[in-house]
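Visitor: Going down the list, the sequences are from chains H and Z.
Heads up: the first sequence begins at 1 in our numbering, then just goes up one per residue.
Heads up: the second sequence begins at 390 in our numbering, then just goes up one per residue.
Hints in this document: simulated from the structure, not taken from any laboratory.
Ideal Cβ positions, reconstructed from N, Cα and C, are used throughout, including at glycine.
Just so you know, not all the hints are guaranteed correct.
To be verified - SDA-like mimics (lysine to any residue), calculated; alpha carbons at most 20 Å apart, straight line: (1) 602(Z) with 486(Z); (2) 720(Z) with 265(H); (3) 486(Z) with 67(H); (4) 486(Z) with 555(Z); (5) 208(H) with 497(Z); (6) 486(Z) with 450(Z); (7) 631(Z) with 432(Z); (8) 208(H) with 176(H); (9) 403(Z) with 243(H); (10) 208(H) with 720(Z); (11) 208(H) with 437(Z); (12) 486(Z) with 243(H); (13) 602(Z) with 619(Z); (14) 631(Z) with 293(H); (15) 486(Z) with 432(Z); (16) 208(H) with 596(Z); (17) 535(Z) with 496(Z); (18) 208(H) with 118(H); (19) 16(H) with 291(H); (20) 602(Z) with 437(Z); (21) 486(Z) with 98(H); (22) 720(Z) with 619(Z); (23) 208(H) with 619(Z); (24) 171(H) with 450(Z); (25) 162(H) with 637(Z); (26) 208(H) with 449(Z); (27) 208(H) with 589(Z); (28) 16(H) with 265(H); (29) 631(Z) with 68(H); (30) 16(H) with 26(H); (31) 171(H) with 437(Z); (32) 403(Z) with 247(H); (33) 208(H) with 486(Z); (34) 486(Z) with 19(H); (35) 486(Z) with 68(H); (36) 631(Z) with 176(H); (37) 486(Z) with 403(Z).
Unchecked claim - Pair by pair, the computed Cβ-Cβ distance ranges are: (38) 84(H) with 539(Z): 32 to 38 Å; (39) 398(Z) with 296(H): 32 to 38 Å; (40) 673(Z) with 18(H): 54 to 60 Å.
If you want the building blocks of each chain, they are given just below.
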Amino acid sequence: MIPLRQIVSVTMLNLKNLPSRLGPSLVIVAGIAAAIGVLISILSLAAGYAELQRRTGDPGRAIILLQTADTEGSGAISRSILGDILAAPGITRDKDGAMADPEYVSILLVNRRAAGSPPALLTLRGTGRKALAVRPELKIVAGRMFRPGARELIVGIAIQPKFRDLEVGDKVVMQDGQWPIVGSFTTGGDMLEGQIIGDAAILMSAAKRNNFNSVIVRLGGPGSLETLQHALAANPRLGVRAERQSEYYERTSQDTAGFFRAVAYAVGGIMALGALFGALNTMYSAVGARTQEIATLRALGFGGTAVAVSVIAESILLALAGALIGIVIAWALFNGQGYAFGEVLFHLTVSPTLVGVGLGWALAVAVLGGILPAMRAARLPVVDALRAV
Amino acid sequence: MKYFPLVWTALWRKPARTILTFLAAVAAFTLFGLAIGLNATYGGMIARARADRVYINPHFLDFGNLTLAQRDRIARMAEVREIGVSDFFLGYYREPKNEVVPWFLDRGMRRAYPELPLTPAQWDQLQADPSGVFLDNHTAARLGLKAGDPMPVLTAAPSRRDGARAWPFHVLGVVENPSWARGGLTLANYDYYDRTRPLAQAGHVGQLTILLKDPDRAVAFTDQIDRTFASSPNPTFAVTEKAQAQNGAIYRFNIPLVTQGVSAAGLFMILFLIGNAIAQSVRERVAEFAVLKTLGFSDTGVMTLVFAEAAIPCLLGALTGFGIATALASKIATLSALQKMAVAPPTLSPAVLAVAFAFAILVAFVSAAMPAWRMRRLDIASALRR
């Protein structure tokens, strides 16, 4: 395999000479670092948001909503049909009946920690007796659970760093007086951690509301969702439908996640285009600077392919270095940062997938930016180039 | 100016390099224009927010937990010039995906919210025909409705006194969409809503809109309102229009941080690129600069030539990038991904162009500083000897 050995030796020779072209090389590194850094930073928003939705939606659970309601926010399930819903097949049952939790959803004004900033809205969720059976991931980390029937609240651990007056022992002003916060909880990083929870029945009476927003149920084995859906559809008086919880969150988060991704790819795309022009510029000038070296190599019998590959290898090496710098900067600045988007709290995530996306984009820019200069290098007229020495 | 041909010729010595530099600058300034333009849009919203307007919401933002009695009490306060009542519900036309949010307005909104795109005659029509609504052209197009069409709106749960969930509206007319109502408008009659909804909710109000006599009192007024009703059955959350505009721009999307970060990254990218291009160009032409100095060009003159050579692709890139950003901005407004999020499109005003030019000159200056200085210090004799 003489060509392969040629490729390796010419590439190694080229890379050894790289330090002498440090200035132009920095153009690729800096350009790609900026482009990939911006791309990954914005994508980390989308990734963090999607991750939150993924963790919240459990395929082993279903959410029951009115047929006329798109989200739990606009749902209104009256108590009169609750019994029929809970009796439907497909829902797992334990010794005290269906593992189903009718929930109430509202919003609450809370104060941000930063001085002078306006209040924000957080989701206030009411759950029932079966909450822990349906959502076993909910664990108290400080204080205790609210007592059924009591005017007490618990708060998710994602809330406290960003909002004040929500520590265990603080009091929250509600419609019918002040409710103490008796505990804080974790759910392993899902959306509920950015919410405040109390007893659904008591919250509804305080808000003078008669309807639940949704019913969260634990599904039995495979096929039980379909069983449940058929049973609910067979009783049109109920006017409700069941949706796998994971699909519900995927559906309802589409717009926001799609928005973040659209912004990331638009901005990252324009940046990458700029970086591409920079890469082309640098690689053309690198080929120009190596004219004598390339001509000498060709005169010694090295093939055009080996020379071309050495140019693209240089471009790739510089681009990957730039991409790594960009990713590290994005990671250092944003990974794990809390972000409040409307009522949803989540953490920006520079995931391994994003690192792959960043490196992939850098590779694409490097190859596109290296290929034309590489072709010029391969076609360099040897005699003319040597005469110029 | 008379040296322009000199600089121009120098730029075209290596056309590929100049064109690539220019294109990179175009990309960076397209992004810069969009980012700073978006910042300008939100800055404009905050600047245009009326200092004398205050909104009073229920503290518990479920539905209708303020009352007409509170309206009457606030209307009697000395600070209040105008007061209007509004409410809304979430409904849909034909299918749940065709969301409709009727905005029910009382007579007071006519003066408390004069930005509403209704003529006095249309206001009279809205009062005279209680189940009529005015749609903006975006909503009308989305729902496929025109003036005179019936527009039954359904709610998820029963929402009427008679236990039904269908509201038999009809379209009185279609008005031009104002840029502040990106999500669209369905303007309806509050009095009709109030007397048709369940008795238990009658007299409830979604929001009070107030114009004050003295704008300087706005913040104090909101505090006073919240204190007054803190321990009433219907506590309030009063906010000035300024604070509300800032809340949307800064706390929901953090527009300043995102736009500044993106534009800074774009400029950083071309800083090295232009710096490198100009350094190479100058290195290749040291002898030429020495000749210019021999011909009597001053040190500063030579330095200026180098800066000009860096500034021309930057400025042309800024101008072209601004043009592309302007073209994109009008497209962006119609993207469904952005419409769903109610994001306003960037404003590519002359002020934004001026900022882009200023940064183009700054980038040229910084990137060309080193080679320009070297040419200023260039010693003719030693340069020509090479």
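Visitor: Against each hint, give a clear statement of whether it holds in the structure.
Guide: Verification of the hints:
1. About 42 Å separates the Cα atoms of residue 602(Z) and residue 486(Z), which puts this hinted pair outside 20 Å; it is violated.
2. Pair hint residue 720(Z) plus residue 265(H) holds up; C-alpha atoms about 16 Å apart against a cutoff of 20 Å.
3. Restraint check: the Cα-Cα separation between residue 486(Z) and residue 67(H) comes to about 12 Å, which is no more than 20 Å; the hinted pair holds.
4. This hinted pair checks out: residue 486(Z) and residue 555(Z) have alpha carbons roughly 16 Å apart, not beyond 20 Å.
5. Taken as a hint, the residue 208(H) and residue 497(Z) pair is broken in the structure, with Cα atoms around 28 Å apart against an allowance of 20 Å.
6. Distance check on the hinted pair: residue 486(Z) and residue 450(Z) sit about 23 Å apart at the alpha-carbon level, beyond 20 Å; violated.
7. The suggested pairing of residue 631(Z) with residue 432(Z) holds, with an alpha-carbon distance near 11 Å, which does not exceed 20 Å.
8. At most 20 Å may separate the alpha-carbon atoms for a hinted pair to count; residue 208(H) and residue 176(H) meet this at roughly 10 Å.
9. Distance hint between residue 403(Z) and residue 243(H) is unfulfilled; the C-alpha atoms sit about 63 Å from each other, more than 20 Å.
10. Pair hint residue 208(H) plus residue 720(Z) does not hold up; C-alpha atoms about 46 Å apart against a cutoff of 20 Å.
11. For the suggested pair residue 208(H) and residue 437(Z), the alpha carbons sit about 38 Å apart, so the restraint of at most 20 Å is broken.
12. Between residue 486(Z) and residue 243(H) the alpha-carbon distance is near 17 Å, which keeps this suggested pair within the 20 Å criterion.
13. For the given pair, residue 602(Z) sits about 24 Å from residue 619(Z) by alpha-carbon distance, which is inconsistent with the 20 Å threshold.
14. With a C-alpha separation of about 66 Å, the suggested pairing of residue 631(Z) with residue 293(H) is violated against the 20 Å cut-off.
15. Proximity of residue 486(Z) to residue 432(Z) is assessed by CA-CA distance (about 33 Å); at most 20 Å being required, the pair is judged violated.
16. Straight-line distance between C-alpha atoms of residue 208(H) and residue 596(Z) comes to about 19 Å, which keeps the hinted pair within the 20 Å bound.
17. At most 20 Å may separate the alpha-carbon atoms for a hinted pair to count; residue 535(Z) and residue 496(Z) exceed this at roughly 24 Å.
18. Between the alpha carbons of residue 208(H) and residue 118(H) the distance comes to roughly 27 Å, so the proposed pair goes past 20 Å and is violated.
19. Distance check on the hinted pair: residue 16(H) and residue 291(H) sit about 16 Å apart at the alpha-carbon level, within 20 Å; holds.
20. The suggested pairing of residue 602(Z) with residue 437(Z) holds, with an alpha-carbon distance near 18 Å, which does not exceed 20 Å.
21. A hinted pair counts as satisfied when its Cα atoms are at most 20 Å apart, and residue 486(Z) with residue 98(H) does not qualify at roughly 31 Å.
22. Between residue 720(Z) and residue 619(Z) the CA atoms are separated by roughly 47 Å; this puts the pair beyond 20 Å, and the hint is violated.
23. Under the criterion of a C-alpha separation no larger than 20 Å, the hint pairing residue 208(H) with residue 619(Z) is consistent with the structure, at around 18 Å.
24. Taken as a hint, the residue 171(H) and residue 450(Z) pair is honoured in the structure, with Cα atoms around 19 Å apart against an allowance of 20 Å.
25. Annotation: proposed proximity of residue 162(H) to residue 637(Z) holds, straight-line Cα distance about 17 Å (limit 20 Å).
26. Distance hint between residue 208(H) and residue 449(Z) is fulfilled; the C-alpha atoms sit about 12 Å from each other, no more than 20 Å.
27. For the hint pairing residue 208(H) with residue 589(Z), the CA-to-CA distance comes to about 10 Å; that is within 20 Å, so the pair holds.
28. At most 20 Å may separate the alpha-carbon atoms for a hinted pair to count; residue 16(H) and residue 265(H) exceed this at roughly 35 Å.
29. The straight-line distance between the Cα atoms of residue 631(Z) and residue 68(H) is roughly 36 Å, outside the 20 Å bound, and the hint therefore fails.
30. With a C-alpha separation of about 16 Å, the suggested pairing of residue 16(H) with residue 26(H) holds against the 20 Å cut-off.
31. Proposed proximity of residue 171(H) and residue 437(Z) is contradicted: the alpha carbons are some 38 Å apart, above 20 Å.
32. With a C-alpha separation of about 57 Å, the suggested pair residue 403(Z) and residue 247(H) falls outside the 20 Å cut-off, and the hint is violated.
33. About 28 Å separates the Cα atoms of residue 208(H) and residue 486(Z), which puts this hinted pair outside 20 Å; it is violated.
34. Under the criterion of a C-alpha separation no larger than 20 Å, the hint pairing residue 486(Z) with residue 19(H) is inconsistent with the structure, at around 60 Å.
35. With a CA separation close to 9 Å, the supplied pair residue 486(Z) and residue 68(H) stays within the 20 Å bound.
36. The straight-line distance between the Cα atoms of residue 631(Z) and residue 176(H) is roughly 31 Å, outside the 20 Å bound, and the hint therefore fails.
37. Between residue 486(Z) and residue 403(Z), the direct Cα distance comes to roughly 57 Å. Violation of the 20 Å bound is thereby established for this hinted pair.
38. Distance hint for residue 84(H) and residue 539(Z): a CB-CB separation of about 34 Å, consistent with the stated range 32 to 38 Å.
39. Between residue 398(Z) and residue 296(H) the C-beta distance comes to about 33 Å, which sits within the given range of 32 to 38 Å.
40. At roughly 21 Å, the beta-carbon separation of residue 673(Z) and residue 18(H) lies outside the given 54 to 60 Å, and the hint is violated.
Hint violations for this structure: numbers 1, 5, 6, 9, 10, 11, 13, 14, 15, 17, 18, 21, 22, 28, 29, 31, 32, 33, 34, 36, 37 and 40, all remaining hints satisfied.
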